[in-house]
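From first to last, the protein sequence lines are chains A and B.
Start counting the first sequence at 157; every next residue gets the next number (the numbering used here).
Start counting the second sequence at 1188; every next residue gets the next number (the numbering used here).
Just so you know, the hints here were simulated from the structure itself, not pulled from any lab data.
Note that the structure is predicted; figures quoted are calculated from it, not measured.
There are no misleading hints in this set.
Partial list, computed: chain B residues near chain A (C-beta under 10 Å):
1) F1298
2) G1324
3) K1327
4) Y1332
5) T1336
6) V1339
7) G1344
8) R1345
9) N1363
10) G1368
11) T1370
DSS-like cross-link-like pairs, simulated, lysine-lysine; straight-line CA separation at most 27 Å:
12) K309(A) to K788(A)
13) K360(A) to K320(A)
14) K1302(B) to K1355(B)
15) K695(A) to K1327(B)
16) K1276(B) to K1327(B)
17) K638(A) to K695(A)
18) K263(A) to K195(A)
19) K1327(B) to K604(A)
20) K360(A) to K181(A)
21) K1311(B) to K1276(B)
22) K1327(B) to K702(A)
23) K702(A) to K1302(B)
Quick reminder that beta carbons are idealized off the backbone N, C-alpha and C, glycines included.
The chain contents come next:
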Amino acid sequence: MRVLNDTIQWQGDSVVVTATRSERKLSNLTVPVTIINAKAIQQTGSIRLTDILKEQPGLTMTSGFGAGVQLQGLNPDYTIILINGEPLVGRTAGVLDLNRVALGNVKKIEIVKGPSSSLYGSEAMAGVINIITDQSTQVPIQVSARYGTYQTKDMSVDHALNSKHLFYQGFYNYYNTDGFSIRPNSSSRVTTPITRYTTNQQFKYLLNESTNILLGVRYTNEQIQNDISVSNGGVTIHSNGTENMHDYNVTASLNHRFSNSLKTSFRSYLTQYDSKQDLLTLSGQPYIDLLNHLFQRIENQTDWIVQKNITAIFGAGSVMEGVKSSRYDSEQLRKTNSIHYAFTQWEWLPNAKTTLIGGARFDENATFASAFSPKLSLLYKINANHKLKLSIGQGFKAPDFRQLYLDFTNAAAGGYSVFGSAQAQQVINELNGIGQIGVLYDNFYQLKKLQPEYSTGIHIAWDIEPNATTFLSLQLFRNDIKNLIEVQQVGAYTTGAQIFSYLNIGRAFTTGAEFEFKKQINNQFSINGGYQLVITGDKDQIAQIKAGTVYTRDASGNSRRLTMSDYVGLPNNSRHKAQLKFNYITKNGLFANLRFLYRSKWAVNNTNGNQVFDNGDSFANGYVSIHSSFGKNFNNGWGFQLGCDNISNYIDASNLPNLPGRTFFITMKYQLNHKK
Amino acid sequence: MLTFIKKITLVTIVSVSMIACTKNESSVVAPLTANVVKDLAADTVLGIASNGMPYSAGKYTFYSLENNAIVPNTDSATTKWDVAFVSTKILINGGTSGTGMGGAFVYTGLFDDLKTIPTDSVFKTDNAPASYAITYGSGKGWYTYDQATSLVTPLAGRVLVIRTASGKYAKIEIINYYKGGVTLPVTASDADKLSKQRYYTFRYIFQPNGTKTF
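This is chain A alone, in the form it adopts within the complex (with noise of 0.2 Å):
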């Protein structure tokens, strides 16, 4: 039907599994998703997941403890990361890094935005971001070896055997870099030497025609070279070591077709992540920090066709969760949690324009409230060229094992300490008895058993297909969220040095639209692009800006009232975001591409002291990046691809150290029994 080129970003109509926990065609889906797919992983050049996310509409990377995404305004903590349906666990005061996920034997990525709770649980609160593996046993061998400034390495090999019964498919990949210093003794973890090495082994057994095992293991190792300088009240200590990082993820299903009408699929899933920095500072002193996060799963999920346009899903399972940390009271002790949850998901299609999904969610917490997530949505198919969604549903974050147990003293940075709020009151107590506490706050007393964070999530889609070679999408979305766990201080010790704790206290919302285009001009032209508003804000702050206890300085000095055309919501969120891509792509195989990504001015830092982010306070300048690669797979099998990022050099140290200067690359791939 559709006449266009396999191209760099056009989706055509493919599968996509993440909205719905089921495959179903991207034109049927009731909520808007983003695909990625492998050809844009690998004309872009991408070789680390942040590397394709952050030319993604809508998604913004952030900088602190690794590189996180934000989504529509939210943090990182609020997106779950999936890889093949299964969560990856190990953040770092609430981020994820994501070059930890190597993209060599990525089939796919899905974004699923707005509230997925009602199918993923904790986490999914911003949207859920889930990478598909390759599975497919066509290549038999694939070798790519690219190599690129800063010393930057990279290999992949990726091989695959299949017999009647059995296909397996592997996956390894090695990658080095000596770091790029664009701020020197910078305390940011990418300007340092990495070395990274990723195997992926999956394995497929048909047992019979309607029953197969899967089992899949993914190990990933990660060694960064330290040199750390932390900067306190003006005297900077030094120090350098190295960290190691494992994270292993192993799964293993059972899957049976019992008719054409019933499935299941029992799945198991375990992943452990450990981390250890062991660095030594300048003046001798060891400084050791330990990170073991373990996560069992068992799962549960049915799918049945109740009619012809009816099809439930029901799921259930178990988690088991365990985090030991040197930040904690005892880096020996692993604090547990544990989950129990039960889900379905009814999809109804009343006639041929229609559809509409409702789904709920139930999971049952060990150590926090347990949380309902709810969430219905609705496909309306106007006309053959115009669709329309509208989805609302419920996410949830739980409180982390950070929020309940963090036990941290910075003796490097003044001696302040963050306690987790299910031990804050009863160690601060004792520290009161030996007399080390100065002062005590009201919040103090307020101290409770978090709650998990919540989300209402409202999206609203209009596509629209005017022509076989257009499309348009426009969007508008609001999230409200509510039990906003924040760290406040809660008191200070005798010397003056902070005493920090979490509470439910936050009140926030992001709301924007997002608008897409895509265009195809000719059989090798096409052009595709976006633009996204994001207005954030923090509902408490609002409230008193408007009643006026606010205040910033005019510019003689002298203090005034805060007023809302001053006021610019969260920190790290830019208002305006947009991308242009054009792409070029030939059927004899040569493909090359130009893409500018800008965003606009962000807040950084309260610089005036009054809490409230606003324009009295230091922002981060707005900016467009430009990248560019080419290349050529031949029909032998060979492959080479050059590319440069960052073309204009663009650089800010202090804001966005996961950004060097203007870096190039090359890649050559070869590949056995080519298809073509």
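Place chain B on chain A using the hints.
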């Protein structure tokens, strides 16, 4: 119509008050204007010791609000000074800090809006080292200190309400803590952040007639 009546009323009031002024010249008080003190050094950093910590002379800068002048350290035991500054700590001449009648509290609001000190205000006195009339510490009194940037920022909307050594009243707004009256950029060097801090720029109004109205 209503507006017209309002105007008339206003004109009447203004005329009456003008007449009142002309009748009784002696009660006319010149409006108090704010004094601005710039770059008052408060125990500035002299260098960095071998242990990596900054050091200073450890001397207070004493100030008389009544005379708008620095008071020599030799007069520290007198009632000649009203407030004293040492880095971010501000002392009042009273309590454990001095022989005067000094007291103070931190008022949240705008300097110009504070026309009369509320009658239910409680003036605290220094009780070193446990507590100070002007609460000491980041976020507690008149400033915040940002661990990440090592910068001290006076909080906007804070007025230091002072009872002076002689028992009269004044109000102070601290405007800046850095030399030249401009907070350094986040990216300034550590050396600059040390050497240019502890220079107070503030504005104040001293009420010489002993009332609590400015």
